[in-house]
Each structure stands twice: as C-alpha cells, then as structure tokens.
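Participant: If you read the protein sequences in the order shown, they are chains F and V.
Each residue of the first sequence is one higher than the last, beginning at 1 in the working numbering.
Each residue of the second sequence is one higher than the last, beginning at 1 in the working numbering.
Check each hint, because a few of them may be wrong.
Pairs of lysine-lysine, DSS-like flavour, derived with a Cα cap of 27 Å [as the list claims (entries may be wrong)]:
| no. | chain 1 | residue 1 | chain 2 | residue 2 |
| --- | --- | --- | --- | --- |
| 1 | F | LYS10 | F | LYS175 |
| 2 | F | LYS31 | F | LYS129 |
| 3 | F | LYS76 | V | LYS284 |
| 4 | F | LYS186 | F | LYS207 |
| 5 | F | LYS129 | V | LYS161 |
| 6 | V | LYS284 | F | LYS129 |
| 7 | F | LYS156 | V | LYS161 |
| 8 | F | LYS111 | F | LYS231 |
| 9 | F | LYS111 | V | LYS84 |
| 10 | V | LYS161 | F | LYS112 |
| 11 | F | LYS207 | V | LYS262 |
| 12 | F | LYS175 | F | LYS186 |
Because the hints were derived from the structure by calculation, they are not lab data.
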Amino acid sequence: MSDAPILKVKNVQAFYGSIPALHDVSFTVAKGGITAVLGANGAGKTTILRAISGLIRVAGVITYEGKSLVGRRSDKIAAGGIAHVPDGRGTFGSMTVEENLLLGAYTRRNKKEIAADLALIYERFPVLKERRLQTAATMSGGEQQILAISRALMLKPRLMLLDEPSFGVAPLVVKNIFNILRTINKDLGVSMLLVEQNAEVALEIAKNAFLLETGRVIVSGTVDALLADDKIRHSYLGY
Amino acid sequence: MEAFIQQVISGLVSGAIYASLALSLVMIFRSSGHLNFAQGEMAMFTTFICLSLIGWGLPYWVAVLVCLVLAFLIGSVLWSFVVKPIANVNLLSPIALLIGVMMIFNSLAGFIWGHDTQNFPSPFEFFSGWGSIYIADHDLGTILVILVVTIIVQLFFQFTKVGLAMRAAAENSTSSYLVGIPVGRMLSVGWGLATVLGTLAGVLVAPIIYVDPNMMLSALIYGFAAALLGGITSPLGAVFGGFIVGVAENLIGFYLIGTDIKMSVALILIIVTLLFKPAGIFGKEAAWRV
C-alpha cells in the first residue's frame, strides 16, 4: 500500500450523551486498503463509524486525508468524500430507486458526470435498472443493500464506511455483495472501513483488521497475521 | 338550480383559500413533521404588513412581493430560532409552542394595527368581463392563482434537486446528512416557503373577508380539515381537500344544517378523517418496521 493512511483515528473516546461508548480507540485505514472492524453485538463497531461521520460527540483525533474531522458537521464530512452506508442501510424508503441514487450525488455539481455515473450503476446492477421507478422500501434486503452501496458510490467517495453489509441478506447475495465491494476497492481505489459481525466474509476482502470488545481495541494487525495465530482465530473469530 | 351553482362556486372560492393554507400546512409537515398552528396568524400578520406597504404608497404588486420575501424570512427565522431548539424534545412541546406563537402574532397584530376591520385591494379588477354573473372577478382570479401555485409546488417537490433534498431531509435526517444534505438549512427553507404560501392565502382572501387580526382564525380550522382530508403529506391532496371542504360546507350548510353552523362540517370532517383514514385521500400512510 502507499504513503500516508487515508484515515487516522487516535485515542478516540465517543459519547452517547454523557455515556462513553468507545475508550482510547486507535487505528488507521491505508489509502486504497480495506480495514475490517470485528466484534460482537454492542462492542462499539457502529459507534466508530458514527464517530467518524460526526453523528455523535467525540474526543480525540480523527483525521481524514490529513484534515481533522472532529467537531465538523456530518454533511460537510460527507461532502469531503466519505460515504457512510449505515446499519439498516438507511435507504429513503418512500422514494424510488432512482431518487435514492440521485440523492447520493447531492454534493456533486456536474450534471453530465452524475448522469454518466448513474448509467454505469444501472449497467453494473441490472436489478436496480429494472426497479428504477420502484419504491425503495418494497425491495428485498439484498436489493436494498446493493442500492445503499450504489448510492454511496454516487457520492464519488474516496473512503467508504460500511456498517454490516451482510446483515439480513441471504448468503448467496452476501457473496455477490462482497465481490462488488472487492471490485470497487480494486478498480476505483476506494478505501474502506468495513464493520462486520460475519468475520469470515469480512476477512476475505480485508487486508487489515481489528477487534472491538466493549468499546476497546483488543487485537489488531494484518489479516494474514491474525489468521495465522490459532489462538486469536479460535477465541475471537470462532473458526 | 341557480342557488346550487352559486353555492358550489362560492364553495370553490373559499375552497381555494383553504387549499392555500392547507398547502402551507403540508409544506411544513413535509419539512419538519410539525403541525404549524400559527400558520393562519402568521399569514394574517404578513397580510397586514402588505396593507401597510400599500398604504405607504407602494404599488400593489411591489407590496405583495416585498411581504412574500418578508414572509420567507419570518418563517425561516421562526423555525431556526424558536421551533428548532425544542423540535424533537417530545410530541407536545412544539404544539404548545406554536399555539403560543399563534397568540403572540394575533395580539401583536392587534397592538400594531388595531382591531378595526379594513379594506384590502384586489389585483383582479382588470379581469372585468372574465367573470360572469355566477362568479366575481376576484374569486375567479383566486382559484386560478391557487391552481397554478399548487402545480408549481408539486413540480418543485417532484422534479427539482432542492425539492428532492427537502423530501429526503423530512423522511430521514441521518441518511440525509450522510449524503451531504444540510438538513437544518432544508428545514429552514421549508418553513420559509410555507409561510410564503400562507401569506398568499392571506392576500387573496383579504379582499373578500376584510382585514382584521381575527381574519384567519376560522380559516386555519378549514385549512387543517382540508390538509387532513386531502392528505397531510400531499400538496395535490391539500388542494383537492380544500375544494371539497369548501363545497361541502356550503352545500351542507345551505341545504341541511343552516349556514350559521356550517363550520361544524369542517370539524366533523377532521374527526372522521382521523378516525377512518388518517393519511387522507392522497396522503402516504406512515409505516414503520417494528
């Protein structure tokens, strides 16, 4: 991987109101790399993504492309090239597929480029093209996940934050989705911070990973190193 | 037969006013999910401002334009500094707050302009000849203006980038932030535009019912009936609802229950709609996954 990391998180504490949910969390995402965040329910994985996106109060250092994100408003953070696909997918259920995709491009000015990207998405994902004018809420879990990822792509992000893309999606579709993510990373060079409960799928595409337990990082390193260590694999990854 | 036509037409005219108020109620509901009980009084207040501007010598259209701009500012400032701080505390606080705002605008208007009924000019005098014996020029002009404005509002929400962003901000503010939409600003614009629509209602109805601080009190009830019946989330529904309420109140009042208590038609419509089809005729049903 190249030079400076695209995302640097150092000694971060995050709060829901006055309750701390993350304690002294530090990690980086390499430019063009995929870092997986693993851990059980309630470990604080979603909280990390929310902290980066400015949705909750944060203390510590979070820098993206060298600039600090702490204290910035969420829409400005998104406009800086960070696409966050939240847990539950966050689709605009009452709007059509196309409207959802166009909203993804809200921060962009160039209408021609937006139209071209939209056409590319439809070419890559025929299921979205078929359902262009369909209301998003009526689509299946897997289709909505593809829609959510596509909407994130429409932002032309340099960093994608993904919150449990495998959740509520049939296993075969999960494979498909993770292939899509791998391709996005390889072909478009989009860096990714991938939160997943399904460690196996996540570690197939990630190069680096760390484990969260009750708001603390307990293990981190390259995926190769983590998988090579039997103790870590058994205790934390379960296989 | 003539009486029937007369009642229907006059119902359409008052319906147009209710529709305009309903439009502003729908706009605010779509923007921030609130029912603005102060909508009528704000409209009355800005109509008074318009009257003063005309009184100071400004030509009619200039005065209207200026007070529409002022209406936008009043609406967005009200949202940003008064409603927003308590917008999500609970369901009842914004309602109580807005009823308070309603009373403040009412008293303030009485304090500034007094409680005497005043005349308000109509811009449709040049229509002379369009109307027939059945419908006055101003009434016809009012209906046409409301129809045009409704179409513009519907097109705005469906086909413009800002309209889309406003709908998104109202539906899911977190997801909206995550695609880069400045949610606070969208809500502010929504309230501003809604107040502009309400002012339009005030300026159009003023020549008919004359201007005084209480002119919009009953109109607000009709506006709510119209918005609920048509669908509190649908601009087209609001207008449709407005015309139905206007015509129904007139016909039922004239033929059945007497014109004195015809407002009860609106009140009963509100109750019936909320009991049997709360989303209204064109509204979207609110649904959550549980």
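Participant: Now look at each hint and say whether the structure bears it out.
Facilitator: Consistency of the hints with the structure:
1. LYS10(F) - LYS175(F): violated (32 Å)
2. LYS31(F) - LYS129(F): violated (31 Å)
3. LYS76(F) - LYS284(V): violated (31 Å)
4. LYS186(F) - LYS207(F): Cα-Cα ~12 Å, so holds.
5. LYS129(F) - LYS161(V): holds (21 Å)
6. LYS284(V) - LYS129(F): Holds, at roughly 25 Å.
7. LYS156(F) - LYS161(V): holds (18 Å)
8. LYS111(F) - LYS231(F): violated (53 Å)
9. LYS111(F) - LYS84(V): With a Cα-Cα distance of about 33 Å, the restraint between LYS111(F) and LYS84(V) is violated, given a limit of 27 Å.
10. LYS161(V) - LYS112(F): Given pair LYS161(V), LYS112(F) holds - Cα atoms ~15 Å apart, limit 27 Å.
11. LYS207(F) - LYS262(V): violated (73 Å)
12. LYS175(F) - LYS186(F): holds (16 Å)
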